[in-house]
Amino acid sequence: MTESSTTALLEIRDLDVRFAVRGGEVHAVRGLDLSVHRGEVAAVVGESGSGKSASMLAALGLLDVNAVAAGSVRFDGRELLTAPPSVLRGIRGGRIGMIFQDPMTSLNPVLEIRRQIAEAVITHQHVTPRQAEAKAVELLEMVSFPDAVRRARSYPHELSGGMRQRVMIATALANDPDILIADEPTTALDVTVQAQILDLLRSLRLSRDLAIVLITHDLGVVAGLADTVHVMYAGRIAESGPVVDIFHRPQHPYTAGLLASLPRLDRPDRELTPIGGIPPRLYEAPVGCAFAPRCVYAVDACSASEPLLQPVNDSLVACDVLPLREPLSEVAR
Amino acid sequence: MSVDSIQSPLVQVRDLVKEFELRRTSWRTSAATVQAVSGVSFDIRAGEALALVGESGCGKSTTARCVLRLIEPSSGSVRFDGVELTDLSASDLRDARRRFQMVFQDPYTSLNPRMTVGDIVGEPLLVHGATSAEQAERVAELLDQVQLGADAVDRYPHQFSGGQRQRVGIARALALSPDLVALDEPVSALDVSIQAEIIRLLQRLRDELGLAYLFIAHDLSVVRHLSHRVAVMYLGKIVELAPASELYSRPAHPYTKALLSAAPIPDPLIERDRARIVLTGDPPTPTDPPSGCRFRTRCWRAEEICAQVEPPLVDIADGHRVACHFNLWT
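Residue numbers (the numbering used here), protein chains in the order written: chain A, 1 to 333; chain B, 334 to 663.
FYI, nobody ran anything at the bench for these hints, they're computed from the structure.
Don't take each hint at face value.
As the list claims (entries may be wrong) - Selected chain A positions facing chain B (Cβ under 10 angstroms, derived; list incomplete):
no.: 1; residue: G31
no.: 2; residue: D190
no.: 3; residue: T192
no.: 4; residue: D218
no.: 5; residue: A260
Even for Gly, the Cβ is constructed at its ideal location relative to N, Cα and C.
Produce the entire structure from the sequences given, and follow the hints as far as they go.
Structure (structure tokens):
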């Protein structure tokens with residue numbers, strides 16, 4: 001992972017995000033490092049409040065006014081954090097496509113869907129409205145929108161959740177992006193419809209060599225789509241690595257704990273092992289390892305200093321107790 | 334528990350129908366109705382956990398609410414321990430409700446933010462005439478049962494995490510020592526690491542207190558950990574009902590097969606090579622359900638007969654019932 005970092009398409013270094021809230025500050029992202037390469041599907045997983053969405057919003061310059069981001073986000077060599085709004089507008093919806101969890105609130109309710117997709121085309125390309133609408137129908141066909149020519153005139157409320165998410169994906173792909181940022185793209189969908197959207201994303205990344213940043217809490221979705229996984233806890237990476245290593249040889253106690261707490265369809269008799277305790281609230285930076293209060297392997301030293309990411313096999317792991325431990329792959333079984 | 338209640342089911346639901354009237358679109362037309370539940374029948378035995386699963390809009394929550402008479406069923410029968418609930422008077426219903434309680438999905442909105450946890454958990458006792466000393470004693474016992482510290486009594490819901498709040502909701506449901514608890518998506522609003530705690534708590538309470546559960550869920554892997562039997566619903570009807578192990582290992586209805594195959598398994602090596610049945614399209618709207626078999630518009634096995642004749646829910650093996658014209662049981 002380290003040697004190829006120079007060629008990364010999206011390279012986040014030491015990203016910090018703070019939100020001003022009543023009575024103080026929430027330090028949501030605390031020194032995040034993350035690289036995504038061309039054509040790679042990188043999953044960012046974590047529970048609510050882990051900073052996974054905040055870090056991507058920061059990278060795209062979409063944070064609310066009460067938030068401050070520091071550090072570096074480079075897209076294809078260009079710094080985004082300090083880029084002027086006009087440059088960001090050119091990149092967002094252009095070379096970086098975005099889809100969000102709730103396709104109902106992300107679409108304009110009073111505009112035909114072909115118009116909304118066409119708007120994305122016109123913003124970034126020199127085309128006539130007529131050409132843009134033709135392109136919109138083409139994009140709808142590409143995302144397997146049934147009867148695209150006729151139904152391109154639909155309004156969002158006339159469509160099901162799955163169809164709306166296809167419209168979102170078509171819009172995100174309007175300008176042939178290099179990377180798609182997908183924040184919980186299937187969380188609001190039913191499981192049979194989720195399967196359709198995941199199938200679509202799998203085929204798109206192959207046919208278009210599309211890189212995807214998949215932000216999700218659902219490890220089942222990650223297993224079916226991702227190449228690499230970045231597990232976040234309390235605003236930092238706990239563990240990063242190839243998908244098979246993360247699931248079969250987890251090195252961080254939090255990763256192993258997550259896997260052990262998951263009910264699995266294929267293992268009905270497995271005892272679920274909860275992690276115990278509750279995730280920290282980031283009103284103040286934790287002293288030492290943020291996971292230590294919930295960690296069964298924690299030793300005194302864990303609450304002294306925050307562990308740095310260190311290479312272990314093909315992964316990067318932020319845990320100092322690593323050499324003392326029994327193999328975690330057994331824990332996660 | 335009496336001998337009778339072991340022999341006859343605790344809950345007996347027959348031909349349950351719930352219709353909702355839709356807003357009229359014009360003064361000229363009469364109001365259209367939508368049938369959210371279209372003739373559902375099932376039993377729950379004492380101490381048994383029955384899950385109703387299906388996608389949004391399939392009628393699973395409406396069914397549960399009708400069974401507890403939180404909403405009035407349009408027709409059909411619900412018998413609880415031999416007593417017909419659908420024609421009980423309001424005061425008789427209130428007495429009967431001691432024995433069936435509900436836990437809601439969202440522990441953030443289902444607890445009164447201005448009441449202490451002690452008052453929330455103790456309120457059902459008060460309603461049913463306990464003295465304050467009895468109440469305090471029972472509340473302490475309940476908090477212990479759901480593994481909340483005794484100091485929780487004087488605290489307010491906002492001082493607790495989502496998982497702890499769900500424990501409060503469970504304690505409240507258990508206050509009157511019910512025989513049946515309806516659980517409407519009890520873990521889906523919680524983070525993964527917290528879900529497992531609540532699932533284990535519900536397993537333990539079921540076994541220790543001999544509770545029956547009517548468990549509403551969309552997540553098939555959670556259902557598998559908590560249920561003895563599973564009923565799969567599609568557009569207001571049960572399409573398959575079987576003991577859990579049977580349903581998961583030998584699903585017979587094409588919709589059940591598709592649901593199981595669509596549920597992701599958190600293992601990249603398994604997911605990569607998995608043969609999936611990906612259904613096309615979305616569930617049709619219940620205002621205008623397809624003729625014959627309601628699943629036929631998305632079914633890969635559908636033939637002419639499916640549009641003409643509605644398949645009845647029939648026994649194909651001991652306790653395994655399926656509504657399909659074809660024998661897909663392998």
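Hint-by-hint comparison with the structure:
no.: 1; hint: G31; result: violated, 23 angstroms
no.: 2; hint: D190; result: holds, 4 angstroms
no.: 3; hint: T192; result: holds, 5 angstroms
no.: 4; hint: D218; result: holds, 7 angstroms
no.: 5; hint: A260; result: holds, 8 angstroms
Consistency note: the structure conflicts with earlier hint 1 alone.
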